[in-house]
Structures are given as C-alpha cells and as structure tokens.
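Asker: For reference, the chains in residue letters:
2 protein chains.
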Amino acid sequence: MAQWIWRYGDHEIYHSLLLHSRREEFGADYPAIWHTDAPEKTVSFFREFEAEKPCWMRLTPCGKGSLVVDGKRFPSGEKVDIPAGKHSVSARIVNVEGLPAAFVESDICPSNGEWTCGIRERGGCEKVGTSGWYTDPDVTPEVFPFRYEEIKPAGKEAVNGGILYDFGKETFARITVSGCPEDEEILLVYGESREEALDPENAVIRQRRKGKTGYELHARALRYLFVSGAEKTVRAEFEYLPLEKRGSFHSDDELMNRIWETSAYTFLLNSREFFLDGIKRDRWVWSGDAYQSYMVNAYLFFDKAIAERTMLALRGRDEMPEHINTILDYSLYWLISIADHYRLYGDREFLIRMLPRMRSLLKYVEKDTDENGFITGGEGAWIFIDWSEMDKEGPISAEQLLYIRALEAMAECEEAAGNDASFLREKAGTFLMKVNEFFWDAEKGAYIDSFVSGKRHVTRHANLFAVIFGLADEKKTASIVKNVILNDAVTQITTPYFKFFEMDALCRLGFMERVAERIKAYWGGMLALGATSIWEQFDPEKTGVERYAMYGSAYGCSLCHAWGAGPVYLMGRYYLGVRPVKPGYEEYTVEPCTEGLGNIEGSVPTPKGDIRIKVCGNSASVFAPFEGGILVWKGKKKAIKAGEWTQISE
Amino acid sequence: MAQWIWRYGDHEIYHSLLLHSRREEFGADYPAIWHTDAPEKTVSFFREFEAEKPCWMRLTPCGKGSLVVDGKRFPSGEKVDIPAGKHSVSARIVNVEGLPAAFVESDICPSNGEWTCGIRERGGCEKVGTSGWYTDPDVTPEVFPFRYEEIKPAGKEAVNGGILYDFGKETFARITVSGCPEDEEILLVYGESREEALDPENAVIRQRRKGKTGYELHARALRYLFVSGAEKTVRAEFEYLPLEKRGSFHSDDELMNRIWETSAYTFLLNSREFFLDGIKRDRWVWSGDAYQSYMVNAYLFFDKAIAERTMLALRGRDEMPEHINTILDYSLYWLISIADHYRLYGDREFLIRMLPRMRSLLKYVEKDTDENGFITGGEGAWIFIDWSEMDKEGPISAEQLLYIRALEAMAECEEAAGNDASFLREKAGTFLMKVNEFFWDAEKGAYIDSFVSGKRHVTRHANLFAVIFGLADEKKTASIVKNVILNDAVTQITTPYFKFFEMDALCRLGFMERVAERIKAYWGGMLALGATSIWEQFDPEKTGVERYAMYGSAYGCSLCHAWGAGPVYLMGRYYLGVRPVKPGYEEYTVEPCTEGLGNIEGSVPTPKGDIRIKVCGNSASVFAPFEGGILVWKGKKKAIKAGEWTQISE
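Order-wise, the sequence lines are chains A and B. Take the first sequence: its letters are residues 1 to 650, numbered as in my numbering. Take the second sequence: its letters are residues 1 to 650, numbered as in my numbering.
Because the hints were derived from the structure by calculation, they are not lab data. Since we're looking at a predicted model, the values are computed, not measured. Don't take each hint at face value.
Coverage of chain B stretches by chain A, computed from C-beta distances (three or more under 8 Å per stretch; other residues unrestricted) [as the list claims (entries may be wrong)]:
(1) 23-29
(2) 71-80
(3) 169-175
(4) 318-332
(5) 394-402
Here are the computed lysine-lysine pairs in the DSS-like style, where the Cα-Cα straight-line distance is at most 30 Å [unchecked claim]:
(6) B:LYS245 x B:LYS542
(7) A:LYS367 x B:LYS367
(8) B:LYS79 x A:LYS210
Just so you know, even glycine gets a beta-carbon here, dropped at the ideal spot from N, CA and C.
Let's have the full structure, built from the sequences with the hints guiding it.
Answerer: Structure below.
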C-alpha cells in the first residue's frame with residue numbers, strides 16, 4: 001500500500017513550525033521566542049525497480065511536481081504506463097507554503113519507506129520519512145491525524161451575563177457555537193479554573209467573534225468555558241492523539257493511585273504532535289520538559305514515534321543558529337536523550353541517523369567556553385536550569401555536569417554505532433576532575449553554583465545532577481545527601497520539573513519511603529485542591545486564586561503541565577522497579593519496592609511486550625513475554641522466564 | 001510613511017522560491033533542479049524612539065504576530081496609544097507559508113528602513129529590508145508589484161480547428177478566455193514561434209481547461225497563442241516590471257540600431273523579480289546569465305535594485321548545500337559580480353552586507369581541491385562553462401581563471417570595506433603562476449582545458465577569460481589572439497552567452513570593426529529571420545523549424561533570452577565608451593569609438609545621472625551632469641566639465 005513520503009525529519013520540522021505559530025495570549029498571537037526552521041522546500045524522491053510485466057504509477061504531490069520515469073517527465077495526477085523491465089523513477093516536488101511530500105500509487109512500486117530522497121534532482125540516497133498514518137492520497141501529511149470525540153459539559157450555570165460550562169476535568173477541545181445573532185459580539189473565555197473563565201480581563205485565552213450565526217474555534221485547553229449572552233448551542237470535541245496506555249500502576253495506597261492516574265491523564269493531554277510543556281499557555285516544545293517526557297513515556301505509552309518526532313522537531317535542521325529553545329541546558333538534554341532513547345528502544349538505525357546531528361550540536365555547545373574550558377553557552381544563550389535562585393555568574397556547575405553526561409551519552413552512541421569513543425570518554429573523565437577542582441566546595445561538602453562570583457552559593461540542582469548521572473563518588477554522594485538533599489536550609493525546589501529530578505535522585509539513593517511521602521504531599525496537595533491534572537507549579541503556602549498566578553499574570557500557571565507527570569516514571573522505574581540494562585531491553589532488571597505503599601501491581605511496556613509485576617506481602621512476581629530479565633527482591637535474584645510468572649518469596 | 005519591512009534578503013529568497021516553483025513543461029510542473037531556500041519563518045522587528053507627546057502605533061503583520069510596546073503585548077490590528085517618553089517597540093511575526101513582514105502605522109514611528117530585526121525575540125541588530133514599492137498595508141510584499149497593460153493581437157486566423165492569435169512580437173502576458181461552453185475542453189498552446197503554437201504535441205507551454213465558462217491563466221511567454229474551438233473572447237495583458245530605459249544608442253547603421261533596440265526589449269522582458277535567463281522555458285535565475293545581465297543593466301536601466309535582488313536570490317541563505325545553481329563557475333561569477341557591482345554603484349553598505357556571504361561562499365569553493373590545489377567543485381558539482389565540447393577531465397582551466405578573478409574580486413571588496421586583503425592578492429598571484437605552469441601549453445600558445453586527460457585540448461573559453469580578466473601578460477595575450485581568438489580551427493562558440501564574452505574580449509583587444517561585423521552577422525541573422533527578441537542559441541546553418549530545437553525538444557530553444565542582450569553592453573561600454581574607473585563613477589572614462597558604425601550617439605546611466613555622448617565625424621562630445629570624467633578621442637584627452645558639453649575635435 002502506498003504511503004506519503006517526505007524528506008526524513010521534515011514532517012517534524014513542518015508540524016513544529018505550525019505548532020510554534022499557534023500560541024495566543026490575551027487575544028494576541030505570540031510566535032515562539034526562538035528560531036523556527038522550515039522544511040526543505042524542493043525535494044526529489046527516488047526508486048529503482050524491476051517489473052516482470054507492464055505496470056503503472058501515478059503521483060499525487062503535496063505541493064507541485066512531476067513524475068520522471070526513465071528520464072521522461074509526466075504530469076502529476078496522470079496514470080503512467082510502464083513496460084516490463086528495469087526502471088528508474090523519481091518525483092521532484094516543490095512546496096512553497098508547506099511540506100513537500102509525494103504519494104505514488106502503483107501496482108508494483110508504491111511510495112513507501114523503501115524510497116530514497118535528496119535535495120538534488122539526482123542521486124539522493126537518504127531514506128525517506130514515512131508513517132503508517134498517512135495512506136490516503138487525499139489527505140496530505142500536512143494534516144496531523146488527531147482524533148475527535150464529542151464531550152458533554154458536566155454542568156452549566158448562568159453567570160456574569162452568560163453561561164459558564166464546566167467539562168468536569170481539564171481537557172483540550174474544539175468548540176463550535178451556533179445559534180448566534182449575527183449582530184451580537186460573542187465573547188468566549190477559556191478557563192483551566194472557574195476563576196479564569198469568569199475573568200475575561202485576565203484569562204489567558206479569550207476570543208471575541210461577531211458577524212456570523214456560528215463559529216468553529218480551533219482546539220484549546222479548558223475545563224471551564226464562558227460564553228457571553230443568552231444560551232447558544234455549544235458543542236465541544238476533545239482533540240487528541242490516541243496513544244495506548246500500556247503502563248499501569250496500582251497499590252494499596254489510593255491517593256498514590258489517583259496521583260498516578262492524574263499524572264497519566266496529564267501526560268496524555270500533553271502528548272500530541274510532540275511532547276508539549278503544557279496545553280494552555282505556550283504549547284511549545286521545550287527540550288528540558290521533553291527530556292522528562294521521554295522518561296514518563298517509557299513507563300506509560302512506550303511510544304517510540306512521538307519521542308522521535310519530538311527529538312527531530314527540537315533539533316530541526318542541522319545548522320544551529322542558537323541553542324535548542326535558546327537554552328544551553330536544553331541542547332545538552334537533547335544529546336543525553338538520544339542515548340537514553342537508544343537504551344530503551346534499541347533502534348540502531350535511528351541512532352545512526354541522529355549521530356551527525358549530535359556531533360554538530362556538541363560542536364555548537366563547545367564553541368563557547370571560558371578560559372578554563374567550561375562551557376558558557378555563548379552570547380545571548382539562556383542559562384536556565386530551573387526557576388530558582390541560582391548564582392549564574394560565569395560558568396555554572398549544573399551546566400558542566402550536564403555537559404559531562406552529554407559527553408558520555410555521545411560516547412555511548414558512537415560506540416553503539418561501532419565507532420571509537422575513547423576520546424570522548426577521556427574528555428568526560430578529565431572534565432569531571434576539573435569540575436571537581438573548581439566547583440566542589442570541601443567545606444560545604446557540595447557543588448557550588450559559581451566559582452567566579454566568590455559567593456560560593458549552593459543550590460540543589462547541580463548536586464542532584466551529580467547523583468543522578470553517577471558523577472559523584474561514594475564520599476561526595478554521602479556528603480551531598482547530608483549537606484544538600486536532606487538539608488532543609490538549602491532552598492527547596494518549587495517546580496515539579498526539578499522535583500522530578502529530586503525524586504529521581506532520592507529513589508536512586510534508596511529513600512523510597514520519603515519519596516512516597518513527598519509525592520503524596522506535593523502531588524496529593526494539588527489533588528486535594530480539586531486538580532484534575534498536574535500543575536506547572538505548586539506552592540502549598542499560597543491560597544485561592546493566587547495559586548494560578550505565574551510569570552506576572554493572574555492565570556499564568558499552567559494547570560496541565562507535562563513535567564508534573566513524573567510519578568508515572570517514578571512508580572514504574574522505582575516501585576515496579578523495571579529498567580533496561582542493555583539497549584532495547586535485551587537485558588533488564590525488575591527490582592520492585594513497596595515502601596510506603598503496601599502491595600503494588602502494574603505493568604511496564606518494553607519493545608518486546610509488557611512486563612507485569614505483582615508484589616503481594618512478601619512475594620514478588622513478574623510475568624514477561626521474553627527472556628533476559630532478572631527479578632530482584634529482598635536481596636534475592638532470579639532469572640525471569642519468558643511467558644510465565646517468575647516469583648520470589650521472602 | 002510606513003513601509004513593509006522584512007529580514008534583509010528574505011523578500012528575495014521568498015520570491016525566488018515562488019519563481020523557481022513556476023516552471024512548467026508539456027503540462028507538467030518542473031521544480032528547480034537545485035536547492036531552494038525558504039525565508040526565515042519567525043522574525044522580530046525592533047525600534048526605539050522618543051515621543052515628545054502621546055502617539056500611537058498599529059501593526060499589520062504578513063503572517064501572525066503582535067506588537068510589544070515597552071514589554072506589553074498588543075494584538076495586531078489594534079491601535080495602541082503610547083504616552084510621551086522613551087519607548088522600545090518590537091513586533092514578532094511568524095509566517096508559516098510565506099514571508100514574515102511587518103507594517104507599522106504610526107504618527108511618530110512607522111515601519112521603515114530605520115528598524116532593525118533579528119531571529120530572536122530580543123536584540124536583533126540587523127537592518128531590515130524594505131522597498132519603496134510596498135507602502136500599502138493591504139498588499140503585502142508577498143505580491144510582487146508587476147504592472148499590467150492590455151495588448152491586442154496584431155492578427156488572428158482560423159486554423160487547425162481553433163484560432164491562432166499573433167501578438168506581433170514576443171511578449172509575456174496573462175491571458176483571460178471567456179465565453180467558453182462549460183463542457184468544452186479548451187486547449188491553449190503558447191508559441192514563441194507560429195510553428196510552436198500550432199504544434200500542441202511539442203509546444204513547451206500548453207494547457208487544457210474544462211468545466212467553466214472562463215479561465216484566467218497566469219502570465220507566460222508568447223508571441224502566438226492558439227485557442228481551440230470556436231472563437232472566444234481572449235484578453236491579453238502584458239505583465240512587466242516598469243524599468244526606465246536610461247541607456248540609449250543610435251548610429252548611422254540602422255541594423256545595429258535595430259539590434260540594440262531588440263536586445264533592449266529582450267532584456268526588459270527578462271528583467272522581472274530578478275534577471276531571468278529566458279521568459280519561456282525555465283524562467284529560473286542562473287548566476288552565469290545574471291552576471292551578463294548585470295553588465296547589460298549597467299548600460300540600460302542602471303537599476304541597482306534588480307541587480308541586488310538577483311544577487312540576494314542567487315546567494316540565498318548563508319549555509320550552502322551546493323554551488324549556486326549547482327554550478328561551480330556560477331558560484332564564482334557571483335563573487336565577481338559583487339565587486340563589479342560596487343564599481344558601478346559605489347554602495348559600500350551593500351558591499352559590507354555581502355562580505356560575510358562572500359567569505360563563506362569562497363570557503364565553500366575552496367573546500368574541494370585536487371592535490372595541486374586546483375578547484376574541482378566537489379562531488380555532484382556541475383562544471384558548466386558553456387554548451388560546448390570541452391575536455392572536462394580533472395580540474396579545468398576556465399574554472400581556475402574564474403577563481404583567480406574571484407580572489408581578486410574578494411580582495412577588492414575587502415579593501416573597499418577597509419580590511420587587509422594582502423593574503424588574497426598574494427594567493428591570486430601565486431595561483432595564477434600555478435595555472436600557467438599546468439595549463440599553459442607553450443607549443444599551442446594557449447591555455448588547454450585539462451592537463452589530467454593528456455589530450456591538451458584547446459577551447460576558446462579559458463583563453464577568453466585570461467584576456468577579459470587581464471590575467472594573460474602581453475606575450476600570452478598576443479599568442480591567444482593568434483592561436484585561439486583569430487584561429488578558425490578552434491571550435492566556434494555557438495551560444496550568445498559565450499559570444500558575449502568573446503565580443504567583450506575582442507573589444508578589449510581593439511578589434512572593434514570585427515565586433516561590429518560579427519554582431520551584425522550573428523544578431524542581425526536572427527533579425528533577418530524575423531526575430532522580435534534575441535534567442536538563446538542561433539546556428540545560421542540550421543533552417544526552418546530546426547532552429548527552434550534545443551535540449552532534445554522541438555521548441556526547446558528560448559527565443560527571448562537575456563544573454564542575447566549583450567550588444568547593449570558592448571555598444572555602451574565600447575562604442576559610447578563609458579566606464580567607471582573608481583567606484584560609483586567617482587572617476588570615469590568616456591572613450592567613444594565609431595569603427596564600422598559611422599556617427600553614433602547615445603546615453604549611459606550612472607549613479608549621478610546620465611552621460612550623453614555624440615560622435616559626429618571627427619568630433620566627439622560628452623555631456624555629463626557631474627565631474628570626474630575624462631573624454632578620450634583620437635589620442636587626445638580632456639577633463640569633462642559638469643553640466644556642459646565637452647568636445648574634442650580631431
């Protein structure tokens with residue numbers, strides 16, 4: 001069957017461009033703050049084949065172009081008869097406005113992943129991009145295949161001269177209003193909270209329309225919707241990407257179960273063309289947020305395609321005019337994520353495709369260093385790390401530690417591709433020694449943010465990275481635990497973004513009960529306030545509508561933010577305890593934990609099928625459809641047999 | 001008055017993309033064979049100003065975006081009131097499909113050339129692109145401002161079951177057909193020749209339409225138009241860019257006058273968004289063709305803007321995935337043309353804008369060399385030079401000589417910008433010695449094409465370059481004249497493209513009478529056949545419809561090709577004899593010649609006004625509105641006075 005084909009990566013670049021042009025705020029369009037790539041505009045697609053008998057082909061272009069068979073040009077749309085024999089076919093497509101793509105119907109050689117492409121008229125040898133989604137010549141890959149499902153409001157009330165609809169929970173919906181008087185200006189206010197929907201002045205998303213009897217509005221985030229004037233017919237359709245929830249989690253702790261479910265729902269809403277940060281405000285793709293989404297995805301959808309789409313969109317074209325999202329750390333996460341992705345899915349082809357992009361990105365990172373060789377990001381680069389007080393004078397420790405992990409990731413990928421990476425390994429080792437020399441404060445027993453400022457300020461971030469990435473030796477780790485992680489005098493983390501890393505570090509350090517407690521307090525705190533999805537930020541000290549404020553705006557805080565879905569990852573990786581040891585789960589470990597939760601059960605997706613885990617009392621059981629795993633429970637180990645339950649009882 | 005503003009160069013990249021997507025052939029779309037750039041998709045525009053009293057602004061985006069005044073965001077289209085004081089304003093625009101541009105109306109700070117821009121949200125410091133053309137908020141710079149003028153056929157006849165219209169001469173027109181029966185398929189065949197319009201099978205441009213009562217067809221080249229079926233209402237509008245014909249030429253030789261006029265008309269038809277190669281077939285922008293167009297333009301329109309648009313379109317974005325038009329020589333012409341352009345117009349700002357693009361292009365050229373350091377173009381590069389038998393094994397001499405001129409051009413530009421270029425000067429000198437060592441054949445007294453093949457084949461091309469670029473010393477020049485230029489055993493040049501260079505060389509060598517004769521024979525030969533514009537190729541040996549064949553197709557030869565306009569340049573530069581000595585005509589020479597033509601008169605445009613020249617009998621007169629010129633006539637010299645006639649009589 002024929003599929004639409006395009007230059008690999010361009011589908012992502014195009015949809016990323018569309019996505020990043022959609023932000024709106026207080027009625028104004030708000031283009032992305034970073035450089036946005038366009039797909040290649042003219043692309044040739046190639047195929048050689050041998051036909052045993054006469055055959056035919058027909059080109060449908062996304063754009064304009066023609067089919068060239070053995071050097072002869074045919075208009076698109078024309079059925080071309082081809083005699084038996086060896087043939088060389090190409091389709092050159094230009095698309096000024098959108099994504100150049102080709103759809104070739106044929107009884108012998110339809111367009112599919114076997115075709116190659118290139119920017120030149122001849123000789124392209126890159127494999128095309130394609131997807132099982134796009135098999136209809138009438139629907140081009142410029143149309144992202146979202147699904148729609150009508151949803152009904154859970155309630156409505158007449159208020160403030162209009163009707164307020166409550167859809168019962170956070171959602172993302174296309175709204176159609178009909179039965180409007182033509183001369184009436186209709187105001188729609190979208191609210192993630194009731195307060196927002198009733199505050200047209202300050203609500204982030206609002207729209208005024210006039211002059212027609214009905215309006216179809218593109219999909220936006222909401223739980224509440226205010227429609228001004230007398231009641232009209234309002235229809236809402238949930239817009240989503242159907243992804244199979246392969247991971248699951250259940251424990252004796254009902255709050256934790258609700259946290260897991262709410263996290264999973266939050267994550268579903270944010271999993272669309274790419275992994276978004278949040279569905280209301282910017283709906284952009286941020287590499288730091290995506291880095292955590294890859295981790296959550298590994299324990300929920302295990303959807304390789306969305307992860308790769310996100311990576312391709314973030315990286316864009318090979319030339320880099322600035323850091324990914326303009327942020328140095330976000331470039332580094334991108335590198336790290338490729339190695340992590342390989343470990344999860346074991347896809348060497350994707351890895352090899354990414355290698356040149358990794359090398360040039362690393363080169364871009366390394367072009368800006370200070371006199372000691374520490375990376376600085378260069379002029380205009382944003383040194384983000386987190387929304388937190390941090391001493392950012394000169395090179396900062398958190399970036400250097402990410403850089404070391406990025407060097408290791410680069411080495412892992414080069415090695416997986418069969419290349420020598422000893423230079424990278426050595427560089428990472430030497431660099432770590434230098435980081436310890438400049439940034440480790442023996443007196444404070446912790447990494448300081450900056451050595452340039454002289455303030456010797458300690459924040460949690462770099463110290464967490466040192467633990468998570470295994471860059472701190474045993475002595476330093478113990479010191480970090482005592483002086484930073486368990487030291488309440490060090491400023492607490494307030495974003496679920498870095499809470500995610502903090503929880504990860506605590507799990508790695510074995511503080512499982514503390515993790516369960518903190519998750520229940522922090523995530524549970526949001527649920528207690530009626531959250532139906534996890535927020536961008538939560539400060540238990542704040543009250544009322546104050547909780548929704550962020551970035552200087554009354555409802556600036558996103559109430560459905562992907563980085564809040566961390567518990568899905570933490571439960572899967574540390575409670576169900578499943579992790580790959582060799583790429584693609586060729587070898588893996590299942591080391592469950594129940595601390596603070598009682599009995600647990602659930603499943604973790606892998607490329608070879610789902611692993612099911614049950615821990616009941618003193619007995620832990622695993623069912624996996626494939627070999628290669630080791631069950632670890634209460635100090636005992638057992639090889640996991642394929643297709644049957646493997647159990648260890650204390 | 002407000003003007004549309006865009007990222008400098010993007011207007012050209014966008015219109016180049018549109019242009020290069022428009023080729024059609026035998027009913028099929030035919031995208032350009034080279035890489036096509038897209039403009040930057042998200043751009044910010046900036047302005048700081050101080051208002052003495054309250055003022056206002058309103059943004060109209062080409063794309064989507066908003067106006068940010070002192071950090072506060074306002075929707076596009078909204079009139080924003082601004083208090084007195086200092087203000088910082090920006091407009092960030094995204095345009096997924098087209099060219100991001102901004103139009104800001106304001107009583108104090110409208111969008112114009114004073115604004116800056118950048119790809120980032122903040123800190124752009126590049127000056128924007130703008131044009132006096134685009135001052136209407138309702139018409140974006142995505143619409144190129146062609147003019148339209150109704151033209152009437154000079155004749156029509158019923159033939160082959162339809163009507164054949166003859167517009168009397170070559171033109172470029174938008175055709176509207178009305179009064180069609182809905183169920184009748186209408187066939188339109190465009191012909192540069194009568195034969196082509198009556199040969200629907202082989203005509204390059206043909207179109208079939210059905211299902212409506214009228215059709216409006218985009219503008220295409222034609223002299224003849226065949227419309228099938230019973231007579232309908234056919235309306236034709238000439239589509240053109242109004243350019244002032246500042247140059248003029250008249251002599252006692254009526255044939256030469258007609259040649260000049262026909263060349264000028266040919267050139268007008270090809271001067272549109274950019275300098276095209278020809279108006280019928282590909283209508284693409286080719287750097288080699290453009291190189292000659294810049295020279296013709298210097299003696300006809302002196303339109304700096306179209307030259308710069310062409311240079312920007314050819315160069316595209318800074319990153320080069322391949323040579324300009326995929327051709328090594330065409331990359332080199334681009335470099336040379338910037339230096340020539342500076343000499344003509346003296347615009348240092350444009351020069352400085354081009355310098356980074358020149359440097360990176362030179363770097364791209366130099367990345368592919370053989371073991372002797374000769375440039376080779378690299379894998380997949382097209383070594384064109386001319387449609388001529390040439391020994392292209394290994395590096396070829398014509399490319400090396402172009403490269404030396406390109407190095408000198410680069411040096412001229414660096415020096416004009418105030419930079420040291422001694423390295424480039426030295427490199428050019430050393431390289432020339434090496435070229436002489438490898439490519440100069442002492443026995444043949446000429447440059448050979450290739451030293452690798454061992455064939456020691458001589459063609460005219462490299463030898464012409466050596467003369468034109470002044471790279472051959474006196475002895476070598478004499479040898480080239482004798483052994484190549486005046487040697488009929490060396491294959492004759494058949495394209496007006498290289499005829500142009502050949503005539504240029506002959507003029508430089510002083511063979512003026514021979515030039516006049518050849519022009520009259522070759523160009524005059526086309527006129528004798530009824531040509532109303534100059535052809536892409538002309539072989540006097542061919543007869544009938546055979547003359548229109550090229551590239552393996554019956555009407556493949558373009559009958560209106562810019563490179564045929566050479567006589568405009570030759571008459572202006574060598575007969576009227578005007579040329580700049582210092583950039584922007586700060587100093588110049590007028591050295592007229594009448595050999596073979598009798599009395600002549602005409603005018604040559606310069607940045608400071610037109611220079612008028614009259615040669616009558618033994619007396620030569622010049623009128624220039626500015627100083628700095630020297631009149632040279634029959635061995636005498638005289639400084640030209642501004643605003644009066646300066647005369648030398650023998």
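Asker: Against this structure, judge whether each hint is valid.
Answerer: Taking the hints in turn, this is what the structure says about them:
As drawn, the region 23-29 of chain B meets chain A at 5 residues by the rule of a beta-carbon pair under 8 Å; at three or more, the given contact holds. With a threshold of 8 Å between beta carbons, the proposed coverage of the region 71-80 of chain B by chain A holds, since 4 of its residues qualify and at least three are required. Three residues within the 8 Å Cβ limit are the bar, and the region 169-175 of chain B against chain A gives 0, so the coverage statement is violated. Evaluation of the coverage hint for the region 318-332 of chain B: fulfilled, as 4 residues show C-beta separations to chain A shorter than 8 Å, against a requirement of three.
Interface restraint, the region 394-402 of chain B with chain A: violated (0 residues with C-beta to C-beta distance below 8 Å; minimum three). At most 30 Å may separate the alpha-carbon atoms for a hinted pair to count; LYS245 of chain B and LYS542 of chain B exceed this at roughly 34 Å. For a cut-off of 30 Å, the pair hint linking LYS367 of chain A to LYS367 of chain B stands: about 21 Å separates their Cα positions. Of the supplied pair hints, the one linking LYS79 of chain B and LYS210 of chain A holds, its CA atoms being roughly 19 Å apart against a limit of 30 Å.
Checked against the numbered hints above, the structure violates hints 3, 5, 6; every other hint is satisfied.
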